[in-house]
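Asks: Chains B and C: place on chain A using the hints.
Top line first, the protein sequences correspond to chains A, B and C. Using our numbering, read the first sequence as starting at 1 and increasing by one per residue. Using our numbering, read the second sequence as starting at 1 and increasing by one per residue. Using our numbering, read the third sequence as starting at 1 and increasing by one per residue.
In case anyone wonders, no lab produced these hints; they're calculated from the structure. Incorrect hints may have been included.
In silico negatives: residues of chain A with every beta carbon more than 12 angstroms from chain B [said to hold, decoys possible]: (1) Asn108; (2) Glu109; (3) Leu110; (4) Lys111.
Quick list of the computed label-pair ranges, beta carbon to beta carbon [stated by the list, open to error]: (5) A:Asn108 to C:Arg350: 43 to 49 angstroms; (6) C:Ala238 to B:Ala104: 49 to 55 angstroms; (7) C:Gly23 to B:Ala195: 41 to 47 angstroms; (8) C:Leu35 to A:Lys111: 56 to 62 angstroms; (9) B:Leu191 to A:Asn108: 28 to 34 angstroms.
With the C-beta cut set under 7 angstroms, the calculated list includes, among others, these residues of chain A facing chain B [to be verified]: (10) Cys5; (11) Pro7; (12) Ser11; (13) Ile19; (14) Val25; (15) Cys27; (16) Leu35; (17) Ala59.
In this text, a Cβ means the ideal position worked out from N, Cα and C, and glycines have one as well.
What follows is each chain in one-letter form.
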Amino acid sequence: MSIFCEPVGLSHYLVVSAILFVCGVLCMTTKRNVLGVLMGIELVLNGANLNFMAFGSPAICGTSTLGLDGQLIALFVIVLAAAEAAVALAIALNYYHTHATVDVDRGNELKG
Amino acid sequence: MGPINWQTCFFFLMAAIACGAAIAVVISSNIVRMACWLVLSLAAVAGLFFLTGAEFLGAVQLMVYVGGTMVLLIFGVMLTARGPFVSMKIGAAQWVVAVIAAGALLTVLLQAAFGTFGQTQGKPIAAAGSSRELAASGNDVADAASYSPLGLGLIGVRIDRLAERDHVLRGGMSGYLLPFEIISVHLVVVLVGAAYLARARRRMVPRHWRGGEQPSGVED
Amino acid sequence: MVSMTELLTLLPLPSWIVLTIAGAIQAALLLVVALCSAVIFIWLERKVSARIQDRLGPTRVGGRFGWLQPPADGIKLLLKEDLIPAAADRALYRLAPYISFCATFCVFLALPFAAGWVALQLNVAAFFVLAVAGLEVFGVILGGYSSGSKWSLYGAMREAAQVISYEIPLALCVVVVVLLAGTMDLVEIGRQQEGWLWNWNIFNPFAFVTFWVYCTCALANTNRAPFDLPEAESELVAGFLTEYSGFRWVYFFMGEYAAMFAVSGLGAILFLGGWNGPVPVSQWLGLSVDPHGLGAWIDAAGNWATAHIGIHEHVCFAAWLGNLLGMCNFVIKAVLGATCMIWVRWTMPRLRIDQVMTTCLKYCVPIASAMIAGVLVWSFVFPSGVVAYVTAQLRPAIEHREAAPPKAPAKKTATKSTARTIPRGELGEGGGAGRSLLVYGTEEVER
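With the rest of the complex left out, here is chain A:
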């Protein structure tokens, strides 16, 4: 029970973000569905964002924090991720129109 009594440190957050990041990478490598790969990317970005938030929070890092930079960069990451998702979905739809599937392994027309 003693772990529930101590305040949360930086390493707690880093572990969570590491797990999210690795899950994202695993997702990107093991999925053949374009949208599955996209979900992996979202997970990776979230892991990174969690790191930024943890390093920027005075409640976790004390005085030596990133301060506002952490939150601002996380904000930019979220906005860019939304933009990326929109474009990636448009590409996936196009891919579906031309190949009638969303399997990334079928996109091998340019393979020599």
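Replies: Just chains B and C, lined up with the frame of chain A:
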């Protein structure tokens, strides 16, 4: 045993949900299930943002990521799924390679997490003995990370660096005006580009229709 | 004012039990509000629609006005068989109604019912409410998709397109009020509108126009007619609800009616003065945090009574009574808003999907954007808002830099930014009565 720290309890709850759902995303093969687990994971990450005291970022995460991006993604899933529940599987050999590579990456990251920063213990957020202390600590966290400094940072005023004596560090005062402008233009370009890419392919009008046998009101 | 948690700490129990009990009580209260609003609106919908169609509506169950019709409906639906189609994705099909209802319920977390009577006072409450209200669409999409039926899928697709589109103008409408108030805290926005009727935000010309855009977008976001394309019964059977029956269907419906209450409550706080009545009755009676007049008497009597039963903590009964009055105001406004939504539903024909999109993209978004620009100009012409904020915020920093010697002084000082709320009167700009402004000052602290 000391008094229970509620912040820690909620952290463990949210962290367990986030990590468990992320692992479920990897394991499940049904694309719609994956999307659901991902929604859960992202929502739990938003909860973690709230716990770090960044309420604005937590709300942004909920609104833009969970509410916007994920709905878009599910929309994409529905538009591209031929059968109702499509699954594409990969071979066992590929799984083995992927797991080994991911395990190595996880080891490195965990080592970094525990090794380099393991000693950096933050300012204790109050071992919440009574409700009053909890309330006080909550207010501290809320004050430290409100949204107004963020907004000012985006228009180029760094409120947390105003009194910085060091010239180099005061350079940070310029804030994020330029990135903000760039990202605004970027968003517009992305919006137009995505709309152009995803536009509906117009079907070719059969030639004999143009000959005048068909009514001219036919839309292509 | 003593909160419920502090009263509970008087009991001889460990702190974590006390906190859990307090949390459970608050959650139960909110759940009761959400469910009651759903039950009452279902009855109201039957009665109002009947009146509009020149009928009587329910008259038998529970007396002349059919008071007991909603419970009777509930019992009937509970007794129905819970069907799951063979083609359905069972887990998601079961989960979807709960997601939909929970998202709506979460809105009530940040919705203040009176000054300080809010489960979770966030400084980004307006934004948080929008964010969680948008999550309701997940339940609908999942329900539609997992039903394994074409009708449901089409309904879900329409819902996704509609809600995503209308979230943008809805957020822009909220931004107009946020710019006007200078804060995203709903409690603070409500507090700024206290006093007479003309202190309400709707009497600002730009906010007045925004209010109507907000009403349109709120209708669309809650899938009410004329925007009820996702469940258009004449073309899609019942849209995403087609395959649902029994209690899961009830969950979707309770979610919809609770969302009506939440959306009109948010509108009441943003535009219609929140918990403040048109006439400052509670101020005349002295029912505020520092009581005078009648309020002081109420306080004294209340404290004497509680001391009699053994509680010696000072409790501000006057403020409590004032809040009760405020809550009545708020609930009346929210119910009136919901009644208007019902009225619109039974008056207007359903729009086509292209008309829905046209309304959003060609009318709501441009009008809301224009109102944002208008409010910005407004705050420059009457500079008690943004301008005072920035100057007050930059002034100490400039003075500080001019005053500070170039080399490090002997006594080390650090500057900590603090957020505090000061009345506008202190800035010397003479804003509206009781208005206040969030100001970031820099404050010297010695290490």
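Asks: Of the hints given before, which are not true for this structure?
Replies: none
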